[in-house]
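Enquirer: Going down the list, the sequences are from chains A and B.
All the letters of the first sequence, read from the start, carry residue numbers 137 to 464 under the working numbering.
All the letters of the second sequence, read from the start, carry residue numbers 16 to 265 under the working numbering.
Hint data in this document are derived by calculation from the structure and do not stem from the laboratory.
Check before you lean on any hint, since a few could be wrong.
[Claimed, not checked] Coverage of chain B stretches by chain A, computed from C-beta distances (three or more under 8 Å per stretch; other residues unrestricted): (1) 79-91; (2) 122-132; (3) 138-145; (4) 173-187.
[Unchecked claim] Lysine to aspartate or glutamate pairs mimicking DMTMM-like chemistry, simulated, CA-CA at most 20 Å apart: (5) K337/A / E158/B; (6) K93/B / E70/B; (7) K159/B / D446/A; (8) K159/B / D243/B; (9) K180/B / E211/B; (10) K180/B / D220/B; (11) K252/B / D220/B; (12) K255/B / D243/B; (13) K180/B / E158/B; (14) K93/B / D108/B; (15) K337/A / D108/B; (16) K159/B / D143/A.
All figures in this text were calculated on a predicted structure; none of them were measured in a lab.
Glycine residues also receive a C-beta, built at the ideal position from the N, C-alpha and C atoms.
What follows is the residue order along each chain.
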Amino acid sequence: MTPAALDLSPLRRAAAWHPAEFAFWLLPPAAYFLFPDYLALLSQIAITALFVLSLDLILGYAGIVSLGQAAFFGLGAYAAGMLGKYGWGDPLLGLAAAAGVAGLIGFVTSFLVLRGADLTRLMVTLGVSMMLFEAANKMTDITGGVDGLQGIEMKPIFGAFSFDLYGKTAYWYTVIVLFLLFLLARRLVNSPFGLSLRGIKQNVLRMPAIGAPVHGRLVTIYTLAAAYAGIAGALLTQTTQFASVDVLAFNRSAEILLILVLGGSGSLYGALIGTVFFMVAHHFLSDINPQYWQFWLGATLVLIVLFARDGIMGLGRAAVARLGRKAP
Amino acid sequence: MTAVLETRGLVKQFGGFIATSDVSLSVAAGARHALIGPNGAGKTTLINLLTGFLEPNAGAVILKGEDVTHLAQHQRVKRGLVRTFQINRLFADMTVLESVTLSVCERLGYGWNWWRPLAAHGAAVDEAAELLGTLRLLDVAHEKTRNLAYGRQRMIEIALALAAKPQVLLLDEPAAGVPTGESRELFDTIARLPREVTILLIEHDMELVFRFAERITVLVGGALLTEDVPEVIAKDKRVKEVYLGEALHD
Ligand SMILES: Nc1ncnc2c1ncn2[C@@H]1O[C@H](COP(=O)(O)OP(=O)(O)OP(=O)(O)O)[C@@H](O)[C@H]1O
Ligand SMILES: [Mg+2]
Numbered sequence: 137m138t139p140a141a142l143d144l145s146p147l148r149r150a151a152a153w154h155p156a157e158f159a160f161w162l163l164p165p166a167a168y169f170l171f172p173d174y175l176a177l178l179s180q181i182a183i184t185a186l187f188v189l190s191l192d193l194i195l196g197y198a199g200i201v202s203l204g205q206a207a208f209f210g211l212g213a214y215a216a217g218m219l220g221k222y223g224w225g226d227p228l229l230g231l232a233a234a235a236g237v238a239g240l241i242g243f244v245t246s247f248l249v250l251r252g253a254d255l256t257r258l259m260v261t262l263g264v265s266m267m268l269f270e271a272a273n274k275m276t277d278i279t280g281g282v283d284g285l286q287g288i289e290m291k292p293i294f295g296a297f298s299f300d301l302y303g304k305t306a307y308w309y310t311v312i313v314l315f316l317l318f319l320l321a322r323r324l325v326n327s328p329f330g331l332s333l334r335g336i337k338q339n340v341l342r343m344p345a346i347g348a349p350v351h352g353r354l355v356t357i358y359t360l361a362a363a364y365a366g367i368a369g370a371l372l373t374q375t376t377q378f379a380s381v382d383v384l385a386f387n388r389s390a391e392i393l394l395i396l397v398l399g400g401s402g403s404l405y406g407a408l409i410g411t412v413f414f415m416v417a418h419h420f421l422s423d424i425n426p427q428y429w430q431f432w433l434g435a436t437l438v439l440i441v442l443f444a445r446d447g448i449m450g451l452g453r454a455a456v457a458r459l460g461r462k463a464p
Numbered sequence: 016m017t018a019v020l021e022t023r024g025l026v027k028q029f030g031g032f033i034a035t036s037d038v039s040l041s042v043a044a045g046a047r048h049a050l051i052g053p054n055g056a057g058k059t060t061l062i063n064l065l066t067g068f069l070e071p072n073a074g075a076v077i078l079k080g081e082d083v084t085h086l087a088q089h090q091r092v093k094r095g096l097v098r099t100f101q102i103n104r105l106f107a108d109m110t111v112l113e114s115v116t117l118s119v120c121e122r123l124g125y126g127w128n129w130w131r132p133l134a135a136h137g138a139a140v141d142e143a144a145e146l147l148g149t150l151r152l153l154d155v156a157h158e159k160t161r162n163l164a165y166g167r168q169r170m171i172e173i174a175l176a177l178a179a180k181p182q183v184l185l186l187d188e189p190a191a192g193v194p195t196g197e198s199r200e201l202f203d204t205i206a207r208l209p210r211e212v213t214i215l216l217i218e219h220d221m222e223l224v225f226r227f228a229e230r231i232t233v234l235v236g237g238a239l240l241t242e243d244v245p246e247v248i249a250k251d252k253r254v255k256e257v258y259l260g261e262a263l264h265d
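Given the sequences, and given the hints that come with them, work out the whole structure.
Expert: What follows is the structure in structure tokens.
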């Protein structure tokens, strides 16, 4: 029995829904009505958010650095693309196939990635994704190379909701998939399994000494994150009905790392909020002046890692804490 | 008495340096056994070999009659062999309650449960809280480990091990660096552990060792010098020479 002196509410509160979370999830439906001309951008945001979430699961929670998450994004994108091209255009089937293929390759490569320390992991993840990119680039008759897969046709979702020209269906589809996978991730990070991942990140040498099979846990989360990235890739193919080798490109892996650091790794909302900030800023600023965009992005990144290690989420939390202290 | 933990001809080399030299040790069930020796004698290395943190170059480790020499660390923990570290190995950004609950969850096999929130694992949380109560850590249960004073952190080091419900507990200088007053409390806690828990203690403070141990093994230069009851060890000339000279004013 719990000693009467101990109040367990802080532990319960950690997993309970905060009012701010409800408010956050009202934003996607609100954006649909407020910005009907930006549905394509908004879908891209949801897809990228899911992709960043996949990196957050391994880097933010388990401490696995990676510069190769685009490998799984690209595998998922092509899996869904191939199915669509050869008449299997059911969207959910495409997601399942993407998750399966990316997850399988994630599982297999995890044994290479998880062997070493940080630098090894960076290089192995980078190397694997470079090999995939070059393979896809060479096999033009299968992948279409830089010109991309032609003739991807998507069937209606559940046989009822077909993808429309305005991107309405695409938007709801991506947002709902993101939301469901977010819920799953949220469950996971608040569970004992999630706690063990944090344990691995904070002190990998202690974990075996309290009886935790570190390798098994890491293989599991790496595989799951690969599946998440694969689904994100599939969503991109399905909503744009296009996939080229660009889905496997290195800059995608680097970009989501940047977004995650910006938003705050180790927090699911950090991944989501970072994506919104980045994508919106990118959309509006890079058009005005691409050089300025690169410059200020670089400057922001440096400032964040030097002075605000927990990114936008960390700054937000600090501000809330300060307000709370000022209030009576 | 039956041995719960044994080593046979254990050897560990680092490059050309022999850190553990043909060590055959036997720890009886329920023992209060101390392992002493000067700095660099190879005490921590021996613990590392026992727990699987290091692989020996030769020899065997036998736990409850089973050869565990090639088992992974966590598999030995599952079989009841648990250690603490000379230098803290804690979860700095977790609260004290989270850390200890993590250890309890691993023991109860909840570590793979990814669906139910931590707070829903009432039995594990309650057990962790109870342990914090015994170790007088309740008042800091919701504090982050990194914000605690060193003495309390040292206690968490022990809490993590106890949460794994050891049958054999290896304590590597549990009070290292802890102020005297607090180290007394720490040792009282250790002394109160039930007899089912076999304890192998590494400690430099001879007063504490002689008060606690019923059997003492002396390690010098990686090799066993001698092993006996405290009264005999206290009179052993060789031991005095290599180690006790300054500590025991005769
Ligand atoms: N990983 C390693 N690589 C190389 N040498 C090592 C390693 N670990 C320990 N040693 C050496 O082995 C010897 C024994 O070290 P160990 O830490 O086991 O001593 P100890 O008895 O625990 O000492 P102390 O009382 O200072 O804790 C030392 O000379 C040490 O430098
Ligand atoms: Mg030592």
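Enquirer: Are the hints correct? Go through all of them and say.
Expert: Now for the hints, and whether the structure bears them out:
1. Counting residues of the segment 79-91 of chain B whose CB lies closer than 8 Å to any CB of chain A gives 3, which reaches the minimum of 3, so the coverage claim holds.
2. With a threshold of 8 Å between beta carbons, the proposed coverage of the segment 122-132 of chain B by chain A holds, since 9 of its residues qualify and at least three are required.
3. Given a C-beta distance limit of less than 8 Å, the hint that chain A covers the segment 138-145 of chain B holds, as 5 residues qualify and 3 suffice.
4. Only residues whose beta carbon comes within less than 8 Å of a beta carbon in chain A count, and the segment 173-187 of chain B has 4; three or more means the coverage holds.
5. With a C-alpha separation of about 19 Å, the suggested pair K337/A and E158/B falls inside the 20 Å cut-off, and the hint holds.
6. A distance of roughly 18 Å separates the Cα atoms of K93/B and E70/B; the hinted pair therefore holds under the 20 Å criterion.
7. A C-alpha spacing of about 16 Å is found between K159/B and D446/A, which places the hinted pair at or below 20 Å, so the restraint holds.
8. At most 20 Å may separate the alpha-carbon atoms for a hinted pair to count; K159/B and D243/B exceed this at roughly 43 Å.
9. As the CA atoms of K180/B and E211/B are separated by approximately 10 Å, the hinted pair is consistent with the 20 Å bound.
10. For the given pair, K180/B sits about 26 Å from D220/B by alpha-carbon distance, which is inconsistent with the 20 Å threshold.
11. Proposed proximity of K252/B and D220/B is supported: the alpha carbons are some 19 Å apart, at most 20 Å.
12. Simply put, K255/B and D243/B have alpha-carbon atoms about 14 Å apart, close enough for the 20 Å limit, and the pair holds.
13. With a C-alpha separation of about 24 Å, the suggested pairing of K180/B with E158/B is violated against the 20 Å cut-off.
14. A distance of roughly 25 Å separates the Cα atoms of K93/B and D108/B; the hinted pair therefore is violated under the 20 Å criterion.
15. Straight-line distance between C-alpha atoms of K337/A and D108/B comes to about 10 Å, which keeps the hinted pair within the 20 Å bound.
16. Between K159/B and D143/A the alpha-carbon distance is near 16 Å, which keeps this suggested pair within the 20 Å criterion.
In this structure, the earlier hints numbered 8, 10, 13 and 14 are contradicted, and the remaining ones agree with it.
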